[in-house]
Amino acid sequence: MERETKDICDGYGFRFLEDVETPAAGLMAIGKESRHDNSYFWDNRSRGPAFLFQYTLSGSGVLETEEGVFKAEAGDGFFLQFPGNERYYFDETQSKEPWEFFYILINGACVLPYYRYFVRRFGKITPLPQSHPAVQKLFDLHAMARGGRIRSAFAASREAFGFLCLLCGGVEEADRAYSPLVESAVSYMEHHFGEELALSALSERLGVSQSHLSREFLRETGEQPIRFLTKLRLEKAIELLNTTDMNLQEISGACGFAESNYFSKVFRKYMKASPGKFRKHVQREGYVNVQI
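Numbering (this note's numbering), first residue to last: 1247 to 1538.
A few of these clues could be false.
Heads up, simulated SDA-like pairs for lysine to any residue below, C-alpha to C-alpha not over 20 angstroms straight-line [stated by the list, open to error]: (1) Lys1317 with Asp1283; (2) Lys1477 with Arg1514; (3) Lys1482 with His1458; (4) Lys1515 with Lys1526; (5) Lys1511 with Gly1532; (6) Lys1370 with Ser1430; (7) Lys1477 with Gly1453; (8) Lys1383 with Arg1404.
Label pairs and their computed distance ranges (CB to CB) [what the hints assert, rightly or not]: (9) Asp1256 with Arg1397: 16 to 24 angstroms; (10) Cys1255 with Ser1292: 14 to 22 angstroms; (11) Asp1256 with Glu1485: 47 to 55 angstroms; (12) Tyr1335 with Tyr1508: 43 to 51 angstroms; (13) Ala1500 with Gln1382: 38 to 46 angstroms.
I should point out that these hints are in silico values taken from the structure, not numbers from a laboratory.
We treat Cβ as the ideally placed atom computed from N, Cα and C, and that holds for glycine.
Produce the entire structure from the sequences given, and follow the hints as far as they go.
Here it is as structure tokens:
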């Protein structure tokens, strides 16, 4: 079969006459491209301020960061801040088919915290299924741009900010359909989060390597197994803080934390308050339940 040799560039830029002075999030450009040779090359050190999310449909490209060199394959998305010390490009020696991808370019006063959150949680490059809400939003936005349906800065800001929330928020529980491996991991953690539970022991129990379990778990749930386990433990801890008079030592033991000081440290990291202050706050406000 003859190799495709023609680039396809279907991109749309946005500049509006009417806009607020410093929008929370702005849509600069969105596009779909297919690149086939080494002429496709970006060095982010010299680019103007912006944030790029790019999602690979087929083929592959190369992303170079300070953390290493990564192959962006089908189903991989990467999130970058400009200017930055990254390069991404098509390498003819590594891919036998064109690199086909969607991209979105955004800016705004409120984008940086979402970017930092995503990178801290997932890294600059991470696998995402096409069913992921953010990926579907990317497809929809490109169709909207192609149809001329993004006609104002405010509509563009609404869509850009919505994309950020979907990208960081992941897939809602009701929308998830896990593979047998991930379903088994989730079920085991849900029933044993109060016990001492290491990723090495869980992966051994499931008959796979730690790296394979982590990769598949992240791909399907949007979270690393350890973070998912920590969330389960914190949810139970909050329930006990809100509905019982158990002390911190008792709660930490019931929720699988080694000891109360470590429990308090983890709780403060995620909830931005000590367990004692959090208990007083929810009881004072009269919350029946607190979702995290």
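Margin query: For a quick check of understanding: which of the numbered hints are violated here, in increasing order?
Written below: Structure breaks hints 3, 5, 6 and 7.
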